[in-house]
Structure formats: C-alpha cells, structure tokens
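Chains as they are written, first to last, in my numbering: chain A, 1 to 144; chain B, 1001 to 1144; chain C, 2001 to 2144.
Bear in mind the hints are in silico, worked out from the structure with no lab data behind them. A hint or two may mislead.
Unchecked claim - Result set (DSS-like, lysine-lysine): computed pairs, CA atoms no more than 30 Å apart in a straight line: (1) 1012(B) with 1081(B); (2) 12(A) with 2081(C); (3) 81(A) with 1012(B); (4) 81(A) with 12(A); (5) 1081(B) with 2012(C); (6) 2012(C) with 2081(C).
What the hints assert, rightly or not - Non-contacting residues of chain C with respect to chain A, defined by C-beta distances greater than 12 Å in every case (computed): (7) 2014; (8) 2022; (9) 2026; (10) 2063.
Said to hold, decoys possible - Simulated restraints on C-beta separations: (11) 1074(B) with 68(A): 17 to 25 Å; (12) 7(A) with 2007(C): 29 to 37 Å; (13) 1007(B) with 2085(C): 39 to 47 Å; (14) 2085(C) with 126(A): 33 to 41 Å; (15) 1007(B) with 85(A): 48 to 56 Å; (16) 73(A) with 1067(B): 14 to 22 Å; (17) 1071(B) with 73(A): 17 to 25 Å; (18) 2130(C) with 1083(B): 35 to 43 Å; (19) 2141(C) with 74(A): 17 to 25 Å; (20) 1085(B) with 56(A): 50 to 58 Å.
Heads up, the beta-carbon is just placed ideally off N, CA and C, and yes, glycines get one too.
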Amino acid sequence: MVRTIELTFQTKGHTDILDITDQVARAVSASGLKEGLATVFTPSSTSGVTTLEYESGAIADLRRTLEEIAPANRDYQHNLKWGDGNGSAHLRAALMGPSITAPVVSGQLALGTWQQIIFVDFDNRPRRRTVIVQLVGEQEQDVA
Amino acid sequence: MVRTIELTFQTKGHTDILDITDQVARAVSASGLKEGLATVFTPSSTSGVTTLEYESGAIADLRRTLEEIAPANRDYQHNLKWGDGNGSAHLRAALMGPSITAPVVSGQLALGTWQQIIFVDFDNRPRRRTVIVQLVGEQEQDVA
Amino acid sequence: MVRTIELTFQTKGHTDILDITDQVARAVSASGLKEGLATVFTPSSTSGVTTLEYESGAIADLRRTLEEIAPANRDYQHNLKWGDGNGSAHLRAALMGPSITAPVVSGQLALGTWQQIIFVDFDNRPRRRTVIVQLVGEQEQDVA
Chain A
1 MVRTIELTFQ
11 TKGHTDILDI
21 TDQVARAVSA
31 SGLKEGLATV
41 FTPSSTSGVT
51 TLEYESGAIA
61 DLRRTLEEIA
71 PANRDYQHNL
81 KWGDGNGSAH
91 LRAALMGPSI
101 TAPVVSGQLA
111 LGTWQQIIFV
121 DFDNRPRRRT
131 VIVQLVGEQE
141 QDVA
Chain B
1001 MVRTIELTFQ
1011 TKGHTDILDI
1021 TDQVARAVSA
1031 SGLKEGLATV
1041 FTPSSTSGVT
1051 TLEYESGAIA
1061 DLRRTLEEIA
1071 PANRDYQHNL
1081 KWGDGNGSAH
1091 LRAALMGPSI
1101 TAPVVSGQLA
1111 LGTWQQIIFV
1121 DFDNRPRRRT
1131 VIVQLVGEQE
1141 QDVA
Chain C
2001 MVRTIELTFQ
2011 TKGHTDILDI
2021 TDQVARAVSA
2031 SGLKEGLATV
2041 FTPSSTSGVT
2051 TLEYESGAIA
2061 DLRRTLEEIA
2071 PANRDYQHNL
2081 KWGDGNGSAH
2091 LRAALMGPSI
2101 TAPVVSGQLA
2111 LGTWQQIIFV
2121 DFDNRPRRRT
2131 VIVQLVGEQE
2141 QDVA
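Just chain A, same shape as in the assembly:
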C-alpha cells in the first residue's frame, strides 16, 4: 500500500519549532499501515523536518545554535538579490534537510520515548504550511 496525507499547520515563522508527532501518528493509524516506512516531507525551501526531545529547553538550545550557524541578521547574497530578507532560512533548511523517514512497526511509529517529530519554519514571517506524510508498506490484511 501507498498512502499520501497532507497535514497543515499555522506557524509563527522565525524558526518556529512545532511538534507534529501526533498528527503523523494519527495518519499512520487511519491508514491501517502495519509495517513500513513513514516519510515526512516539507515541500518548501525555508523549512525543515527532524526529530528532537520536544521540551522548552532543547527547543531554545536548538534555536540558539541555528542562529549561530546562520544568523538571521547578516548580509546574504540571497537577500541582496531578492529583498525578502529570509536568506538565513534557506541555509537552515538546506542544512537540516526537508524530510525524515521513520519505520512503522506493528502499526506504530517506532520513535524513542523522548523523541518527537518536529517541523521547523525558518521563514521570517508567519506561514500556513503543508507537510506531506507518505506511508509505504504492508497493511493489516496484507500480512494477516
């Protein structure tokens, strides 16, 4: 089976870090996927997807380190050319990457206890965002 689900979120931009684990888990449950891959992909060049222990300390630390790697207020060629001021967002997105792929085992996302799937909006303004979840594998009846 292959199933494609779109999740939508309102973000605040400016490296807003959202925990999207529950929405992904609900998509897995609704699909009936028993064993297979869950790919979470952001169709955007100013946002990223990874995993993190989603608690306020680690969130603040990640924001600080991303600001050090690609500061929001710096001269960027992208900004000089396009004037949209989100040059650092493009860098952070390219370095974090647009997707993760997690296994589904016995119908559940095989995440660690303290591990959440996060969507990070690096753009410099609030955005309405869509993330694609694609599930590939065996359904309940296929393996019964």
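Once you've looked at the hints, dock chains B and C against the given chain A.
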C-alpha cells in the same frame, strides 16, 4: 514496483552545487510511478544531497556557511593520514547527509515551487559522479 | 516485502562513532531483499545516523567539528531544566538527523567504496542502543 536509475554528472568539485531536479523528475516520469517514494542517494563519502532554492544568492550563501563549518584549509587528521587534502569534504558530506527521500504524488515529485533537489560535490577536484534514484510505490496500472 | 530488524550495540557515549555497515549488510542479505530501500533509524533523541569514510582521521575531525557546533560544556537550557547534562547531545542529534535511507541494488547496499553507515551516540554516558533497519522492496522470487 521498484525501479533503480543511475544519473551521472560531471562536477567541478570544491562544493560545486548542481540542480538535479529535472533528471530526477524525468526518471520518475519514465518509470510510470504514480504514488510512492523517490530516494536520491549519493554513493560517496565526499558529496551530499539536500534541497535548496537554486538561485545564485542562496548557492553562494550555502557555500560560505559550509566553509565556515568545515573550512577547506585547516588541519585535518584525515589529511595528515591520507594526504589527499579533502578532509573538509568528508565533514561536509557527513553533516549534510547522503540522501533525501521525496514523495511522488499523482506521478509528480511533490516539491515546493522554489525547492530544487541539489547534489553537492565537496571533493577538492572535478569528479565524474553517479547518483542513485530509487523509486518504490504504485505504478499507473496498479492503482487504476 | 517489508522486513524490520533491530540491531543492538554497546556504546561509550560522548559522540562515540560506530561503523554499523556490516550489521546492516547482513540484515539485507538475510532478508533476501533484491531491490528496494534500506532505512536505518535510531529511536532516540541523543544519537544520529549518517555516512562517513570510517577511518580514524575523519572520525576525529567529525568529533571536533560537532564539538564546535554544539560544545559539550556550555550552558544549555535543557541542562538547567533537567540536570542530565546532555544538552549538546540533543542538538547534535537533531542536526545530524535520526536516519538514512540507502538503496539496495541486486541484493547489495549501494554504498560507495569508502562510504560506511555510522551510528553516533551523542549521550554523555555509555549506552546500550537499538537501531531499527527496515527493508522495503522486491524479494528474489518477486522479480525472478
């Protein structure tokens, strides 16, 4: 269905950033994949794959930030041991990662409007490179 | 076919970098997967998976650069809140990412000659770790 396609490119090395979106999209079209995953993987430890808005500003900015994270001219244990001078290439490759996985939806790569798939050659010389595209999912006739 | 295999390792923590290529390759061989995807995923928020030329020079260089990006001894909000002292581990894990997906072609992992799959334990103590390998694709008999 599973389909494996090899793409080859000539690069200039030295963090040469290539837009390979069209070649990947053509591989998807030729395969007849309707819904499923497209994994783009570089079988090399001195190159990487991610997504980026492929325009000269963001390209220059990404090259600068990668140079700051792992400068080309620095003392590396790898270089002391092997004398090939590409120690920074190994670091950049490990940090960027060797692959992305993007969903194919209705026969099309589900990329954002300003989002391209890039192959980055970090090695310190021009290279002939091969990238593997693997497509896993349902073909047109499977879902009809 | 979908096959899920758990690999377990003893680590030393403190950005211990392990070459897990052989174990992943053995899982592929044992499964009979001919063509398809091998996803290697760590169900943890203080470890990561990527590829690297696994030799002592590149290993030392990667450890140095990760220490520069997210130093072990620094004030982290995570540590202030939880007192477990592994704030840098969470950052390194989120930036490296929890998984890679590599193609299997003709029954073999399609890695480069000098490219190994590494598991990196960023936590600040030795750990017993489990990594999930999930294989999705066509088995020998499916394609015969």
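Do the hints match the structure? See the list:
1. Of the pairs offered as hints, the one joining residue 1012(B) and residue 1081(B) holds, with about 25 Å between alpha carbons and a cut-off of 30 Å not exceeded.
2. Using a Cα cut-off of 30 Å, the hinted pair residue 12(A) and residue 2081(C) holds, with the two alpha carbons roughly 25 Å apart.
3. With a C-alpha separation of about 25 Å, the suggested pairing of residue 81(A) with residue 1012(B) holds against the 30 Å cut-off.
4. A C-alpha spacing of about 25 Å is found between residue 81(A) and residue 12(A), which places the hinted pair at or below 30 Å, so the restraint holds.
5. With a CA separation close to 25 Å, the supplied pair residue 1081(B) and residue 2012(C) stays within the 30 Å bound.
6. The straight-line distance between the Cα atoms of residue 2012(C) and residue 2081(C) is roughly 25 Å, inside the 30 Å bound, and the hint therefore holds.
7. Non-interface status of residue 2014(C) relative to chain A is upheld: no Cβ of that chain comes within 12 Å, the nearest being about 18 Å off.
8. With a least CB separation of 20 Å from chain A, residue 2022(C) remains clear of the 12 Å interface cut-off, as annotated.
9. At roughly 18 Å, the least C-beta separation between residue 2026(C) and chain A is larger than 12 Å, which holds for a residue marked as non-interface.
10. Every beta carbon of chain A lies more than 12 Å from that of residue 2063(C), the smallest distance being close to 17 Å; the non-interface claim holds.
11. For residue 1074(B) and residue 68(A), the Cβ-Cβ distance of about 19 Å falls inside the hinted range of 17 to 25 Å, so the restraint holds.
12. Checking the proposed 29 to 37 Å range against residue 7(A) and residue 2007(C) shows it holds: the Cβ atoms sit about 31 Å from each other.
13. Take residue 1007(B) and residue 2085(C): their Cβ atoms lie about 45 Å apart, and the range 39 to 47 Å holds.
14. The hint said 33 to 41 Å for the Cβ distance between residue 2085(C) and residue 126(A), and at roughly 35 Å that hint holds.
15. Under the hint 48 to 56 Å, the C-beta atoms of residue 1007(B) and residue 85(A), about 35 Å apart, miss the expected range.
16. The given range of 14 to 22 Å is respected by residue 73(A) and residue 1067(B), whose C-beta atoms sit roughly 20 Å from each other.
17. In this structure, residue 1071(B) and residue 73(A) meet the distance hint of 17 to 25 Å, their C-beta atoms being roughly 23 Å apart.
18. About 39 Å separates the C-beta atoms of residue 2130(C) and residue 1083(B), a value consistent with the hinted range of 35 to 43 Å.
19. Range check, residue 2141(C) to residue 74(A): about 57 Å between beta-carbon atoms, so the 17 to 25 Å window is missed.
20. Between residue 1085(B) and residue 56(A) the Cβ separation comes to about 44 Å, which falls outside the hinted range of 50 to 58 Å.
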